[in-house]
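What follows is the residue order along each chain.
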Amino acid sequence: MQWEAVIGLEVHVQLATQSKIFSGASTAFGAEPNTQACAVDLGLPGVLPVLNEAAVAMAVQFGLGINAEIPETSIFDRKNYFYPDLPKGYQTSQMYHPIVGPGEVEISLEDGSTKRVRVHHAHLEEDAGKSLHEDFHGMTGIDLNRAGTPLLEIVSEPDMRSAKEAVAYIKALHSIVTYLGISDGNMAEGSMRCDVNVSVRPKGQETLGTRAEIKNVNSFRFVEKAIAYEIERQVELIEEGGKVVQETRLYDPEADETRSMRTKEEANDYRYFPCPDLLPVVLDQAYVDHLRDSLPELPSEKRARFESELGLSAYDASVLSSTRPMAEYFEAVKDSCGDAKLAANWVQGELAGQLNRENLDIADSPISATQLGGLIRRVIDETINGKAAKQVFMALWNGEGETADEVIEAKGLKQVTDTGAIEAMIDQVIADSPVQVAQYVEADEAKRGKMIGYFVGQVMKASRGTANPQQVNALLKQKLDQS
Amino acid sequence: MHDKTLTELATALAAGEFSSRELTESLLARIERLDGELNSFITVTAEQALQAADAADAARAKGEAGPLAGLPLALKDIFCTRGVRTSCGSKMLDNFVSPYDATVVEKLAAAGTISLGKTNMDEFAMGSSNENSHYGPVKNPWDLTAVPGGSSGGSAAAVAAGLVPAALGTDTGGSIRQPAAFCGITGLKPTYGRVSRYGMVAYASSLDQAGPMARSAEDCALLLGTIAGHDLRDSTSVARGVPDYRAELEASLSGLKIGLPKEYFGDGLAPEVEAAVRDAIKVYESLGASVREVSLPHTDLAIPAYYVIAPAEASSNLSRYDGVRFGHRCENPADLEDLYKRTRAEGFGDEVKRRILIGTHTLSEGFFDAYYKKAQQVRRLIRQDFLDAFEDVDVLMGPASPTPAFDLGAKKDPVSMYLQDIYTIAINLAGIPGISVPAGFASGRPVGLQILGPHFAEQQLLNVAHQFQQATDWHRRQPAFGKENA
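Quick note, the sequences are listed as chains V and G, same order. Residues in the first sequence are numbered from 20 upward in steps of one, following the numbering used here. Residues in the second sequence are numbered from 201 upward in steps of one, following the numbering used here.
Certain hints may be false.
If the Cβ cut is set under 10 Å, some of the chain G residues that face chain V in the computed set are [to be verified]:
hint : residue
1    : Asn295
2    : Phe296
3    : Pro299
4    : Tyr300
5    : Ala302
6    : Arg433
7    : Asp434
8    : Asn517
9    : Leu518
10   : Ser519
11   : Gly566
I should point out that these hints are in silico values taken from the structure, not numbers from a laboratory. A virtual CB, placed ideally from N, CA and C, is assigned to each residue, including glycine.
Use the sequences and the hints to build the structure in full.
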């Protein structure tokens with residue numbers, strides 16, 4: 020039987036506000052435990068929440084970024100359950116009237132095609148604290164620094180059909196929120212956390228299978244592995260005559276498996292009801308319009324423009340628009356050199372390779388976009404050849420000069436295009452290589468094509484790489500054929 | 201000094217008849233002498249009070265004293281006070297010393313008033329007799345065998361007994377007005393949103409409101425002006441200017457249209473209470489007011505709706521008392537569940553548990569629509585009843601409670617206790633202001649006249665109450681308890 024996986028995601032994005040969603044305490048990551056929790060975050064008797072306007076603005080920006088409906092009114096509800104790191108015994112969230120209505124996210128697949136994933140809604144809520152189980156001699160420590168951090172929970176429709184699509188979706192969300200600047204998107208610090216709903220059904224069947232929810236999967240790689248494992252588990256289970264039960268599961272990255280956490284029967288009744296301490300959030304049209312007008316160009320728009328206006332391939336457009344720093348760098352290089360395709364090649368080729376080798380982010384590139392643009396300009400105007408360009412690149416990378424021109428000058432890498440000078444070098448090489456010349460003369464046309472490489476190499480060496488390779492090739496062929 | 205109103209004490213302090221320290225010492229001595237029997241205070245903060253009194257006297261000497269400087273009062277133990285135990289009448293918070301001040305506490309301190317301590321109350325403000333306190337019941341100074349009412353029973357009894365000229369209370373379903381009526385003092389529940397709830401331990405957030413309890417409407421006006429106003433820390437407080445609530449006290453009542461809700465004069469109303477209220481209405485007629493009967497048709501739904509909404513909110517508000525961060529924690533918990541169960545079983549009293557159970561049930565899956573949503577619909581109807589009535593009349597009048605103070609221990613059945621609040625509860629559901637003023641006696645126990653007005657009509661309510669107090673002296677009557685020669 021052919022099986023089809025059906026995947027939906029709930030992605031919690033930590034919003035990049037300065038202070039918490041309902042208090043004035045800082046949201047900075049990594050402080051000493053319980054130093055960033057004020058009376059409100061601790062849930063002391065008598066305290067009241069006050070909504071952070073910046074969190075509202077960020078949520079609306081996200082909604083606008085995925086072309087979602089922005090309802091005029093949204094309402095905070097209390098989700099009631101007991102947990103030691105949930106100070107009030109309830110989480111303030113939005114159950115019935117979320118701030119962002121239905122929208123959609125375009126994802127790019129590996130074959131270069133795109134697909135639209137529908138977003139059911141996105142709602143604002145507060146994060147809980149952390150329970151720390153180590154270092155407390157069998158007891159549990161509670162750190163409430165994170166309690167009250169604003170989260171935007173983005174709930175997708177079950178539109179994804181493979182682990183790769185799910186990863187592409189999270190990457191697309193990551194890209195949108197970082198473009199908008201509403202989250203740092205740092206998955207290692209928990210700025211994006213995913214709950215994954217997975218079910219399987221025979222291909223062609225319309226009704227959905229029973230789903231399992233995998234909680235708290237916190238990296239692109241783990242999302243892919245957890246889903247892959249879960250699909251396999253469910254298919255095997257059904258094929259062996261078993262039944263998938265609706266339950267919450269945890270992914271264990273070390274064992275690379277998911278494990279049952281609690282079944283539906285054990286699930287909490289959260290007793291949602293509207294939070295009486297907070298007023299409904301009413302957004303007037305002018306406020307929403309103002310936020311819409313100030314939206315930056317988003318990845319899908321950029322990708323489309325890179326293809327249509329700059330003539331880049333779908334693949335290049337997708338890679339170069341994937342993150343905001345990448346897109347900004349590329350566009351600066353392109354503006355500086357005036358050639359989008361060359362800029363794309365350099366950014367994805369030499370630069371990406373070098374960044375990768377040194378494990379650097381593009382934002383930390385030792386070569387600025389202007390420097391790289393200046394280098395490409397010299398390739399375009401043939402001041403240097405491709406080989407020299409790579410030397411210049413490495414020199415700039417290592418800080419051996421401020422500009423490409425400076426490096427070219429200092430290292431004498433200017434391309435030699437003077438026919439006379441090249442001919443002189445060729446004559447010298449021919450004179451120094453009688454054996455090779457003799458072999459060449461005796462060879463047939465097919466072999467000659469290969470053998471000429473030796474002579475080109477010798478001439479380039481003699482020119483210390485500065486001779487124009489096309490000229491060298493043409494002149495060599497001419498002279499050798501006359502020999 | 202103990203029988204003067206706040207306004208009279210302010211005048212005396214300004215005139216230098218005595219100092220704030222002398223006044224404070226005198227009242228502290230009176231508390232020392234009488235409160236062992238009355239039990240109106242949970243915590244007396246004598247040392248802080250004397251320091252504050254000295255500071256007020258010093259400010260006065262420098263000519264920097266404001267109108268309330270040096271005036272002693274008491275705070276219901278539901279208001280968070282920095283460095284002082286804030287128990288909310290519960291074992292759960294018996295060890296809780298608040299690290300911060302409630303907004304109203306800040307405002308009163310900034311005005312130079314002096315808190316003598318924290319008054320007794322029904323646990324988490326749940327009760328109508330003050331018998332639900334972890335610290336024991338409060339007695340009614342008019343009759344030590346009677347309850348003082350609740351939940352602000354300690355505040356009411358302390359004011360009535362002359363331990364303090366005024367106190368703050370809170371009112372979720374009548375908790376200021378009913379004890380004020382039972383103890384023969386004046387108590388105002390402001391419009392919901394008029395006074396900040398920040399730092400007031402929450403019972404039912406959409407109904408809770410703080411207000412003054414004092415010996416006169418004039419004193420209530422003075423205090424309301426100090427505690428009212430928008431607070432950025434309370435999103436439900438209303439951004440609306442605070443008028444001088446004393447400015448209109450002397451306005452004539454000629455032409456005032458009074459409505460008597462017929463539902464407030466029906467079965468269950470004690471004849472002596474009705475007689476006292478009707479006499480009070482006659483006083484108003486003599487002052488130039490006209491009276492007509494009106495109807496609040498959904499009155500009988502108020503108690504059922506309240507006992508869905510208030511417990512629902514309470515069940516959530518009280519979840520934070522889990523033994524993890526503050527308050528009572530059971531000894532040697534075996535695991536997390538044991539910690540929760542025993543902490544809450546030990547820390548909460550019966551009535552609190554009862555309401556948590558009710559609220560948890562009504563919010564549960566499958567019951568939410570039938571209870572909570574329906575109750576919210578009823579709430580809108582009740583509110584509309586009042587809005588409709590105020591189309592025709594300026595204020596509504598009736599009894600604050602169907603009976604005078606009942607005997608301690610008399611009401612064993614919770615539902616009969618809940619029915620005590622029949623005239624006060626709808627007011628909280630509608631969010632409108634109400635005031636109870638002393639209007640006579642029934643079997644030797646005080647009777648309260650309740651006056652209700654439209655949202656934010658506190659100025660008018662205080663004017664109407666004050667004019668009654670200019671024409672009568674019920675509010676000046678004092679119990680025999682605590683008389684120097686008694």
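So which hints don't hold here, by number, going up? Result: hint 1 breaks, nothing else.
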